[in-house]
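Q: The lines below spell out each chain.
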Amino acid sequence: MAKPLGFEKPLGMRDILPESLAKQRHLERSLRHCIERWGYEEISTPSLEYYDTVGTASATLTDRMFRLLDKQGHTVVLRPDMTTPIARVVSSLYKDVPLPIRLFYQANVFRAQEKEAGRNAEFFQTGIELIGDGSVDADAEAIALAVFCLRAAGVETFRIAIGHVDFVDGLLEDVIADEDTRQQFRQFLYERDFVGFRQLLETIGIDFEAKKRLDALLRLRGGKGKIAEARALAGDGKAGQAVETIASLWDSLEAYGVTEDLLLDFNLIINLNYYTGVVFEGYAADLGSPLLGGGRYDQLLAQFGRSAPATGFAIKMDRLLTVTPSVKGETTERILLLYTEKRRQEALAKAQQLRAEGVVVITRLVGGRAEIAAENGQGYSRVICMTEQED
Amino acid sequence: MAFFANEQKLTIAMPKGRIFEEAVHFLQQAGLEVTAELQDSRKLVIPVENASLEFILAKPADVPTYVEYGVADVGVVGKDVLLEEERDVYELLDLQIGYCRMMVAGLPDWKPTDSPRVATKYPKIASRYFREQGQQVEVIKLNGSVELAPMIGLADRIVDIVSTGRTLKENGLVELEHICEITTRLIANRASYRMKSEAVDDIAGKFLEVIPGRK
Chain A
0 MAKPLGFEKP LGMRDILPES LAKQRHLERS LRHCIERWGY EEISTPSLEY YDTVGTASAT
60 LTDRMFRLLD KQGHTVVLRP DMTTPIARVV SSLYKDVPLP IRLFYQANVF RAQEKEAGRN
120 AEFFQTGIEL IGDGSVDADA EAIALAVFCL RAAGVETFRI AIGHVDFVDG LLEDVIADED
180 TRQQFRQFLY ERDFVGFRQL LETIGIDFEA KKRLDALLRL RGGKGKIAEA RALAGDGKAG
240 QAVETIASLW DSLEAYGVTE DLLLDFNLII NLNYYTGVVF EGYAADLGSP LLGGGRYDQL
300 LAQFGRSAPA TGFAIKMDRL LTVTPSVKGE TTERILLLYT EKRRQEALAK AQQLRAEGVV
360 VITRLVGGRA EIAAENGQGY SRVICMTEQE D
Chain B
0 MAFFANEQKL TIAMPKGRIF EEAVHFLQQA GLEVTAELQD SRKLVIPVEN ASLEFILAKP
60 ADVPTYVEYG VADVGVVGKD VLLEEERDVY ELLDLQIGYC RMMVAGLPDW KPTDSPRVAT
120 KYPKIASRYF REQGQQVEVI KLNGSVELAP MIGLADRIVD IVSTGRTLKE NGLVELEHIC
180 EITTRLIANR ASYRMKSEAV DDIAGKFLEV IPGRK
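Sequence lines, in order, name chains A and B.
Quick note: the first sequence, position 297, residue 296 per numbering that gives the first Met the number 0, numbers continuous.
Quick note: the second sequence, position 197, residue 196 per numbering that gives the first Met the number 0, numbers continuous.
No lab work stands behind these hints, which were simulated from the structure alone.
All values reported here derive from a predicted model rather than from experimental measurement.
Errors might be hidden in some of the hints.
[As the list claims (entries may be wrong)] Below, computed lysine-lysine pairings styled on DSS-like, alpha-carbon distance capped at 25 Å:
#1 B:Lys205 <-> A:Lys211
#2 B:Lys120 <-> B:Lys168
#3 B:Lys205 <-> A:Lys210
Full structure from sequences and hints, please.
A: Here you go:
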């Protein structure tokens, strides 16, 4: 690659200028305010983690991590998500803190990108983890909180799609004996290639009924009514249990009063080997990519030595920014205070007094009358001149 | 359930070129009001009155890009483009039109060489295929008239789509290996698939009705 020019940044890295950052911070405050009232406490973890611990346990693929060597020769990674570091903390520093533990974060994570625009390699997330509660009501809490977060952020139209990994797995296990073939089907679902899924269905030589069951999976998407359809399809095994979990989850979400923003999607696969139960993904009108993602990951904590069920989600702040109304500039008064050397003490004291009152004060030392006259006061609510006494 | 029914306006990306006419015919059969305007127009964005539909006409290779980024909700595009572009979209239906084959072709007297070179408009498909075959080849990307390459000695083989085989024949080439079948697909954006699920299902349902050879 050519030597970078002065204005260039590494692929996928972005500057956030004051106007955008003000909006992002405003959104972060709204989300924080919402999340804190559900009893979640904020946590911060290092930007760098060992590849052998957080790196290998993370749901992010290794080739998408930024890897580097520390001075001791260990491979370290820029954290690809916040869930894995939190699992590390809960299993070590917090190992004696009783479960359940509720934590949230507002942090940047890093994932190397290969393609072009719109894919940030560093992006900000606001997310929560509910660790140590394996109940369906913990799943409901995570989803309901996600809904309330999006409402708090001012997203007008959104939907959260909900699925369950055991439904897909159970159905495949019922119908197909060979694990490699099942994996192929999962891969097609993960790649959202329904055509490939149906073509594979035609070639593997299973009976008509079985074929119909798997084909129906591709259309199991909609409101509460889909639960009955799913139940009819599932049988009594693993898939059947998953349907009952979803049914119970839906009841709980009805109690939260959030179901109008939800959509059941029984073929939803977010990550191939990471999630272990209920999964969900959020979308907004006029946004091509998901706004948030999450689900149950009951195997992760054990990798750090403290086996515990867990669920959580992360909101992508850059995407949230594009679908929320712009914030009105806070109507704080902005004063420009011009002063001469002689009146410096008096002027700076005055500035401090005004700032204490909550006013924004910008001070500037001026030399003479010409300089004062040149200041047109644009961008300020008021200009105060503390210059030589009238002479 | 009627979710936000009034907001379900659908933008469809259509590929200009090889499969355009067949695709338009397909849409008409499916009962979509595709006017002559769409076929003749030089406009790139064409709204359809009282159908809450809008068409974007795009180069085939750009259709999955538009759909991935969500500027089009759904798109009609060949599997060749999907395999080459590797975009993150839903592939909902095989429309069974625009049929052709992805082939390796070469001169009739082709023999394996020490440094095999393959010319193609589909570098990703070609690289992936030869890798799977356990062959290391150099891939040369061309933007058209790929059949020329073996004749003028630029490459010893080509990878390209073949429908009747006439172009190959006219250029003195023969089909050497069959990579895969290509048909036209209906694709959908990840978010539109959820946010406009009714509209997407509606159009997929209409398409399904008219897919040739459907049981």
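Q: Please go over all the hints and tell whether each is borne out by the structure.
A: These are the hints, each one checked on the structure:
no.: 1; hint: B:Lys205 <-> A:Lys211; result: 20 Å, holds
no.: 2; hint: B:Lys120 <-> B:Lys168; result: 19 Å, holds
no.: 3; hint: B:Lys205 <-> A:Lys210; result: 22 Å, holds
Every hint, counting from the list given before, is met by this structure.
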